[in-house]
Each structure stands twice: as C-alpha cells, then as structure tokens.
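Q: Given only the sequences and the hints, what does the whole structure look like? Please build it.
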Amino acid sequence: MVRAFVLLAPGGPAPCRVLYARTFGTPPGAGPGGPRQRLRRKEQLLVVARQVASQCQLLQASLGRPSSPQLPQLPDEPVSLQDAPGGVFQMSPGDPFPERVTVVWLSVLALAFALVCEPQENLSLAEITLRRLAPRLLLSLRLLGPGADVLLRPDAADGLLDRLLPHGQMLFLNERFLQAVDRELGLKVSR
Amino acid sequence: GPEAVDGLQRLHLSVAATKYPRKLDGKFVEQLQTVLCSPKSPEQIQVLCAAILREMSPCNDLVLSCDEIQDTKLLSLVSSVLLAQGSRGEVAAVGQRVVQGLERRLPEGQSARFLLPVLANVISLSPGSLTEEQTNVVSKKLADWLRYASIQQGMAQPSGGFFSSPRTKQPAPITEVDGAVATDFFTVLSVAQHYTQDQWLNVQAFSMLRNWLLCYGGKEQSPMDSSEGNSGTPLVPVPATPGRLLPPRERLRDKAFAYCQRLVEQSTRRPLKKEDGDLQKACLIEAVTIMDIICKQDSSYVCRAVSCLKILHSRICGDATYARALLPIAQLFLNHSKQAAVDSDAIYKHLFSDIPALLFHNPSLAFEFVQFCKDNSQLFTDSSSIFRQSFPNLFKFLAWNSPALISEFVDLLPFLLDPGTATEIFHLLLDLPCLTAALDIQLRAAALPVSEKAGADPAGKPATCLEAFHHPLYRSMFQYLLRSRAAPEDAPDSLVPLRQLLGSLAGSPRVVQCAETVPVLLELFFRVVAEFADGSLINQLVVLLLQRSDQLYDIPAFKEDVVLGSNLAMLCGLRPALVVELSTEILEFSGAVSNIQSKEAIFTHMAWAVGEFLSVSHDKRCTVEQITRFFETLEAVLFEITQLRPQASTPSCAPRAISVLMATLTKLAARSQDLIPRVSMFLSKMRTFVQSPAVTSVYCEEDLEEILIRATELMNLLKMPSVAQFVFTPPVASTRFQKEVNDSLPLALRMVTQLLEPAAGSMPV
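From first to last, the protein sequence lines are chains A and B. Residue numbers for the first sequence follow this note's numbering, beginning at 33 and rising by one. Residue numbers for the second sequence follow this note's numbering, beginning at 7 and rising by one.
What the hints contain is simulated information worked out from the structure, not anything from laboratory work. Wrong hints could be hidden among the right ones.
[What the hints assert, rightly or not] List time: in silico SDA-like cross-link candidates among lysine to any residue, alpha-carbon distance up to 25 Å:
no., chain 1, residue 1, chain 2, residue 2
1, A, K220, B, H200
2, A, K74, B, K280
3, B, K280, A, N154
4, B, K302, A, E150
5, B, K279, A, D115
6, B, K25, A, G65
7, A, K74, B, D31
8, B, K46, A, D194
9, B, K29, A, R49
10, A, K74, B, Q15
11, B, K25, A, N154
12, B, K380, A, G126
13, B, K147, B, Q106
14, B, K380, A, G61
15, B, K25, A, P45
16, B, K29, A, G65
17, B, K25, A, G61
[Said to hold, decoys possible] Just some of the chain B residues that point at chain A, by a computed CB distance under 7 Å:
no., residue
18, L19
19, V197
20, E292
21, P515
22, Q519
Beta carbons are placed, not taken as given, at the ideal position from N, Cα and C, and that holds for glycine.
A: Given below as structure tokens:
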C-alpha cells in the first residue's frame with residue numbers, strides 16, 4: 033500500500049515546497065492524538081519532500097542538467113516523460129515514519145511527484161503509477177501554466193487519486209483499463 | 007453553485023497551508039459533514055468537504071458514520087475521512103461496513119469496485135479488524151472474482167437517447183496483450199474495448215491479493231487477530247469433505263496460484279502497445295512474489311512453483327528488460343529450493359556475476375538488488391559463496407548511484423567484511439570514485455559504433471580515456487578495476503597510471519558524489535575491522551595505509567576528507583607492538599621530509615604513535631638502538647622544518663606537526679636518557695625559531711606562542727628525568743583510571759611547569 037502521495041516543487045536555490053500532499057489513512061495508536069498528530073503528519077511529509085528534492089538535485093547534477101529547468105513555452109504542450117529523471121530511496125525507521133518506508137519519485141520540469149510506500153511494495157508498479165499520475169495531474173491542474181492552481185484545486189487532484197490510487201491501493205491497469213479510467217474522468221491524455 | 011466551490015477551495019487552502027491547528031467552528035464542521043453525506047450535493051462539493059475534513063484530522067467534532075450510506079462511491083469518500091482519524095474503533099467500524107457491503111447484494115447501479123480499496127486500506131492500517139467469518143466471506147469472493155470474471159468484452163455505455171439502436175452487437179471475446187484471442191480466464195493482462203463490472207473486480211482483487219494473503223492467508227490465526235478483542239468467532243477448522251468446496255482460505259490459495267501461473271505465461275508475450283510491456287513486468291514480479299507467499303503458507307505448492315519458474319527463468323535470463331524479475335525468482339528459490347531438491351546455483355551465479363556488471367546504471371534495479379542482499383544477509387556469511395565473492399560487482403551499484411544507495415551500503419558493508427576480504431575492500435573503497443570514472447568510460451565505449459571500437463595505435467599512447475579503454479597499456483588495469491569477483495591475487499602492481507589517466511574525469515558530478523560517500527564507508531570499515539582483525543591483518547592495513555596515502559584519486563577535497571590519519575592511530579592503539587614490527591616501513595615513511603607536507607595528517611598521527619608506543623612496556627623487543635634510530639630520523643625532520651632561514655625547498659607544515667614532533671622526541675628521550683641533552687638543546691633553540699623574522703611571516707602569532715609554550719613545558723619536564731619517564735611511559739593503560747592518566751597528559755605538563763616556575767602566568771621572555 034501507498035502511505036502518502038506528495039507533489040512538490042524541489043526548488044534549486046529556493047527551498048522545496050509541498051504543493052499538495054495526501055495521506056491514505058492514519059495508523060491507529062501510532063503516536064500522539066489531537067493536533068499534534070496533524071502536526072506530525074505535516075512534518076513527516078515535509079521531511080519526505082526535502083529528501084526527494086535533495087535526491088532530485090543530486091541526480092540532475094550527475095546527469096549534467098541544470099537544476100531549475102525551464103517550463104515549456106506553451107502550457108498545453110505534451111510533456112515527454114521519456115527522460116524524466118526519477119529514483120527510489122529508503123527512509124529508516126524513526127526517520128521520519130515509525131517504520132521503514134520506500135520512496136519512489138519522479139521529476140518533471142520544475143516539479144516532483146513522490147509515493148511513500150510500505151516496505152516490500154512492488155516498486156515497478158509504483159513507478160508505473162507515478163508515470164500515469166504525473167501527466168494527468170499536470171493536465172488537469174494546469175500545473176505548467178502560470179498561477180498556483182494546484183493549491184486551489186484539491187478536488188481535481190483527489191479525483192485523479194481516487195481513480196488511479198484509491199485509498200493508496202496501486203492498480204494493475206493495462207492500457208485499455210487506463211483508457212477507460214480517462215473516459216470516466218473526462219480526460220484527454222495524449223498517447 | 008460555483009461560489010460554493012470557490013469558497014470551499016479557499017477554505018481547504020487556508021486549513022492545509024499551515025501545520026499548526028486551525029480551529030473551525032463546531033457547527034460549521036457539522037455542516038460540512040451533513041453536506042458531505044447529503045445525496046443532493048454535487049460530487050465536487052462532496053469531494054471538497056471530505057478533503058477539508060481529512061485535512062483537519064484528527065477531528066473531535068466528527069459525527070460521521072458509514073452505517074447508513076448505501077452509495078458505494080460516497081461510502082469510499084466518507085471512509086477516507088474516518089480512516090484518517092487514527093482510531094482503531096473507526097477503522098474496525100469501516101471494515102465491518104465494507105464487508106457487509108460486499109456480502110449483500112448491492113442496490114441497483116452500485117458497484118463493489120469502490121469498496122475493495124477501502125478494505126485494503128483497513129487491513130493495512132489495522133490487520134486484526136476482521137473476524138474469521140468475515141475474512142472467509144471476503145476470501146471466497148476474491149477467489150470467485152479472480153477466477154470467474156467474464157471472458158467477453160463489456161459493452162460501451164449506451165449514449166442514450168430515444169434513437170439508439172435496439173439491436174446491440176454481439177460481445178467480442180477478450181484478447182491477450184499481443185492481440186491473440188484469449189483461451190483462458192480473465193486477468194489484469196486481458197484486453198477489451200470496454201470492461202464489465204466483474205472484470206473491474208478482477209483487477210481490484212488481484213491488486214490487493216498480496217497484502218490479503220500476507221494478512222489472512224496463513225493456516226493459523228495470526229496472534230493479532232485474536233488480540234483485537236472483536237466479536238470474533240472461535241476458530242473452527244472446516245474439513246474438506248469430498249464433493250464439497252475447499253475451505254475459503256485454501257480455495258483462494260488455489261485460485262490465486264492458478265492466476266499467477268497464467269500471468270507468468272502472459273507476461274512474455276510481445277505486447278501491441280509498448281506501455282503494456284512495463285505492466286507485464288510489474289505483473290510478473292507480483293505473480294512470483296505471491297507464489298512465494300503461497301509456498302510459505304502451503305508447501306505443497308513448492309514443486310509446481312519451482313518447475314514453472316525454472317522455465318520462466320530460462321526464457322527471460324537473457325533479456326535485460328526482465329532483469330528486475332530475476333530477484334523475486336531468486337528469492338523464491340532461496341526460500342524453497344532445498345525442499346524441492348533443486349539445484350539453483352546457476353540462477354544465483356547469473357544474478358550476481360552478470361547482472362550488476364550489465365545494469366549498474368539502472369537506479370531501480372540497483373536499489374532492489376541491494377535490498378535483496380540486505381534481506382538475505384545471511385548468505386554473505388559463507389566466505390566462499392558466490393554472494394560474498396561478488397562484492398566488487400555490488401560496489402558498482404554504489405559507485406554509480408551514490409546518493410541513493412549510500413545508506414543501504416552502510417547497512418550492507420559489515421556483512422561483506424572478513425579477514426579474507428578486508429584488504430581488497432580497503433583498496434576498493436579508496437578507489438571507488440575511480441570505479442565510477444571507469445564505469446562511465448565502459449558505458450561510453452559500449453555505445454560507440456563498431457568501427458570506432460577498433461582502437462587506436464597500440465604502439466602509441468592513447469589520446470583520450472576512451473581510447474585507453476582497449477589500449478594494451480591500460481586494458482588489464484581497467485579489467486581489474488571492473489572485475490566481477492574478488493581477486494586478491496590478480497591485483498596489478500599498481501593502478502597509478504590508470505588513476506592518472508582518469509584524472510580528467512575527476513571533476514565530473516557523478517565521480518564527486520561518489521567521492522563524498524567514501525569517508526563514511528572508511529570510518530565504518532575501520533570500526534568493523536577493528537573488531538575481528540588479528541595482528542597480521544592490522545600490520546597489513548597499516549602498511550597499506552602508509553602506501554596508499556599518496557596513491558589517491560586526485561579529486562579536490564577527497565584527499566582531505568579521507569581521514570586515514572586518525573584510523574592509523576586507532577590501529578596502532580589496538581596493537582602497539584606494530585610500531586616495533588613495522589619499524590622499517592615506519593622509519594622510511596617518517597624519514598621522508600616531503601611527507602610532512604603532502605601527507606601531513608598521517609605523518610602527524612604516525613609521529614604521535616611512535617612517541618606513544620615505542621617502548622619496552624608495549625613490546626619487550628624494543629631496544630635502545632631502535633629508540634635511537636627513530637629519534638635520529640625524527641630529529642632530522644624536525645631540524646629540517648625549523649630552520650631559521652627556510653629555503654624554497656623547505657616544506658611548510660602546520661604548527662601542530664611541529665608540536666607533535668617535539669613531544670615525540672621528548673618522550674623517546676625520557677626512555678633513553680642519553681638523548682636528553684640533545685632534545686633539551688633543540689628545544690631551547692625553539693625560542694630563536696619562533697622569533698626569527700622569516701618564520702613569523704609564515705605562521706601566525708598564536709601558533710608560534712603555542713609552540714613556544716609547548717617547547718618550554720617539555721624542556722622543564724626533562725629537567726626531572728624520572729618524572730618525565732613516569733609521565734611519558736606509564737604502564738600500559740589497561741584500566742580506565744590509567745587511561746585517564748594518559749589523557750590528562752597536557753594537564754600534567756602544565757602542572758609540572760607551574761611547579762618549576764611559580765611565577766608562570768606571565769609570558770616567558
């Protein structure tokens with residue numbers, strides 16, 4: 033299962049920002065209740081985001097790319113995920129989640145998408161899921177255009193996650209099933 | 007209307023934007039919940055209300071309950087809020103409601119499709135939430151959905167309207183990903199233009215199958231089930247009588263295994279759509295993993311699994327795109343092949359010898375491979391095994407993907423170290439950035455068109471690193487660095503020419519990132535080795551340390567960060583006798599004046615170690631001649647660097663080196679008192695040294711002051727030879743008290759000085 037999904041702006045010189053984050057359920061008895069639980073959740077996600085940003089910047093450097101890539105000129109230009117850098121790393125128990133987690137991430141232009149997975153999760157499927165979420169989020173949140181649309185449209189992000197990652201459950205969807213999902217969502221994804 | 011949507015969106019932003027609690031009016035929160043559950047609310051508004059409520063979790067004012075909700079989509083939405091509360095009771099309640107929904111026939115138009123992910127989330131958050139009876143109900147349904155989904159394509163949703171054609175087309179059969187008509191049951195790799203509800207359930211069921219089996223697939227009740235305190239029915243085993251269905255658990259296992267076997271067959275077909283190829287591989291990995299779980303839960307499946315996977319392995323082992331699937335296959339064999347009496351060595355050999363060398367540059371494979379090693383660390387304890395002998399291959403993953411894998415290697419390294427591998431790994435760690443550069447060249451050389459691979463003129467010198475790759479001068483060095491297996495005897499005499507050649511790549515980001523991981527690993531290396539190393543290994547490492555100290559890859563900051571000096575001191579402390587045993591090597595190293603400049607940290611630590619440990623109390627073989635020889639060597643060096651008029655050729659060095667040399671000479675003199683006059687005279691000249699104009703321009707005032715104070719203290723100590731002897735050669739510190747005495751040496755020096763010069767406190771003139 034996926035514990036959380038994070039959409040962030042890794043920054044470069046600027047500090048990284050979490051643009052949207054969604055956790056899938058809170059493990060009972062895992063810590064303090066009340067507002068501290070919420071605070072803890074937010075801070076855990078920020079730690080994940082920072083680690084993703086750091087790995088992203090290091091990978092961009094080793095690939096010889098500039099750390100803050102330019103946005104394309106036209107917001108509707110299809111974004112190629114062919115060479116999108118990505119990676120996977122582990123976070124130890126206690127730092128920041130009580131148990132070990134594996135983070136799978138993908139970077140597209142000036143944004144990064146990350147899945148926080150339970151250990152022993154199918155990482156190949158996680159990568160596929162991310163590669164499907166990224167262009168659809170970019171499209172429906174108009175993330176490439178000006179304006180901080182994503183912050184004001186959590187319903188669009190939630191709607192996508194409810195189909196492609198319902199309750200944190202990754203789905204083995206072949207291309208035809210994916211087309212069916214796109215039809216249900218009313219999305220026109222370039223193929 | 008749209009203003010409501012806008013308002014809710016802004017509200018969500020203001021609640022989500024801060025990590026500190028935002029208080030929303032209790033009545034308003036109640037309203038949010040009412041709107042969420044009201045059938046009249048448009049979907050977008052419901053989603054936004056749920057998002058706000060989740061964002062605020064845990065929420066005290068929650069009165070939401072899923073009991074009355076019939077709409078499965080809404081139930082899923084409300085569950086997402088309830089499951090975010092972190093309350094075991096809420097999770098259990100959601101679990102009960104969902105199982106109830108799955109048990110009964112759903113109202114018209116509702117689909118169970120939206121309920122299964124909720125269930126998956128429930129069991130992941132709180133595995134004991136369901137009773138035995140409930141898990142049986144679900145297991146039975148899962149088995150049905152996996153095995154009996156329709157094998158005909160669904161119909162397109164009718165576009166509606168009065169004029170739609172009354173005659174519908176005959177439904178077509180489902181196909182495989184390569185276009186062939188399917189001849190067996192429906193799976194996630196089945197293709198159709200439109201899908202039916204039960205086909206969706208097939209996909210959902212498989213997607214959650216692994217976790218379900220892990221949680222509820224075992225033969226016995228897991229301890230967690232009974233501790234939950236739910237109204238669980240006591241365990242009553244259901245015997246399988248002939249003519250009757252298997253019990254639900256066994257039946258699910260049977261259907262699941264068949265499903266996985268079918269996936270294995272489907273996953274090597276050539277897909278019409280390229281993207282389906284990625285899913286095939288993910289399905290394959292999942293299928294093998296589930297087979298492994300099933301075999302653990304019921305060993306009667308092992309034979310079938312092993313024979314199926316042997317065939318699969320021979321089909322995919324030559325295809326690099328299937329490499330990631332080799333890991334779960336190997337894991338299954340590791341877990342069960344003994345039982346199946348099958349020889350799986352060929353599988354492990356291929357995995358460890360070939361795959362890392364080919365695919366080190368694939369970050370996902372690299373990560374999963376290292377995880378595999380960590381999960382099976384017991385394999386590495388056998389020093390002759392293929393696993394342990396392949397450590398050079400494993401380090402390729404780290405050399406190429408340093409930032410992502412360094413923390414994994416910190417966990418893995420201790421398992422690779424033993425007396426047989428220690429020295430080879432020591433060299434490997436120091437050359438790790440070199441390995442990165444060599445791998446880069448290997449990749450680029452492989453990408454060259456064949457015509458260019460012919461290589462340059464073997465008689466001449468290669469112009470570029472790429473040319474050097476095949477050049478006879480360098481080929482064997484490259485081969486050694488890029489070897490797949492441990493080969494201590496094959497080490498070339500020196501890799502110095504190769505390191506120099508690769509110097510042009512020393513600034514590349516990947517190489518620099520790798521270099522940054524080496525200090526951490528070296529520290530760990532010495533810490534682990536110190537625990538098992540015997541005398542001969544320690545001696546070997548000290549000699550290598552001294553040798554390698556100037557044979558490091560020329561990356562800025564790499565030489566400073568690699569702290570060999572303190573580890574040298576640590577090894578000497580572990581085995582003081584080595585100072586006597588390795589006196590030849592140490593004298594040679596300490597006598598070379600250039601070392602004090604180019605390898606200052608190591609030189610200083612070495613000099614300190616000589617002062618500490620060259621004494622009869624540490625090794626009975628220590629003779630007066632030896633002490634004198636060391637004394638004269640170090641005295642010559644100190645003399646050279648403290649000339650009053652330094653020439654251009656005089657090496658400059660940190661003041662600390664001067665202090666340590668002075669202290670060492672004093673210590674040696676305390677043990678062989680004939681030397682005392684020589685030292686005292688030398689120390690008395692230090693005043694002139696620190697005041698000489700040529701020197702004051704090189705060193706700063708505080709440093710010179712420190713040197714002078716030290717020299718004075720040491721001189722004063724030598725005026726009382728027996729005290730000096732005691733202070734500098736205490737009995738070997740075997741108790742904590744004695745160790746503390748050693749550590750308080752500077753304090754002791756200061757005390758003695760004050761005794762001799764009561765008016766100290768004013769600067770000595």
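Q: Now, for every hint given, state plainly whether the structure supports it.
A: For each hint, the structure was consulted:
1. A:K220 x B:H200: holds (17 Å)
2. A:K74 x B:K280: violated (38 Å)
3. B:K280 x A:N154: holds (20 Å)
4. B:K302 x A:E150: holds (21 Å)
5. B:K279 x A:D115: holds (19 Å)
6. B:K25 x A:G65: holds (15 Å)
7. A:K74 x B:D31: holds (22 Å)
8. B:K46 x A:D194: Since the Cα atoms of K46 of chain B and D194 of chain A sit roughly 21 Å apart, the hinted pair holds (cutoff 25 Å).
9. B:K29 x A:R49: Cα-Cα ~24 Å, so holds.
10. A:K74 x B:Q15: The hint holds at about 19 Å.
11. B:K25 x A:N154: This hinted pair is violated, its Cα atoms lying about 31 Å apart.
12. B:K380 x A:G126: holds (19 Å)
13. B:K147 x B:Q106: Given that 25 Å is the threshold and the Cα spacing comes to 12 Å, the pair holds.
14. B:K380 x A:G61: violated (29 Å)
15. B:K25 x A:P45: Distance ~23 Å between K25 of chain B and P45 of chain A Cα, so the pair holds.
16. B:K29 x A:G65: Between K29 of chain B and G65 of chain A the Cα gap is close to 16 Å, so the pair holds against 25 Å.
17. B:K25 x A:G61: Holds, at about 21 Å.
18. L19: holds (5 Å)
19. V197: Given a least distance of 5 Å, the restraint on V197 of chain B holds.
20. E292: Because about 5 Å separates E292 of chain B from the closest Cβ in chain A, which is inside the 7 Å limit, the hint holds.
21. P515: holds (4 Å)
22. Q519: holds (6 Å)
Hint compliance for this structure: hints 2, 11, 14 are broken, all remaining hints hold.
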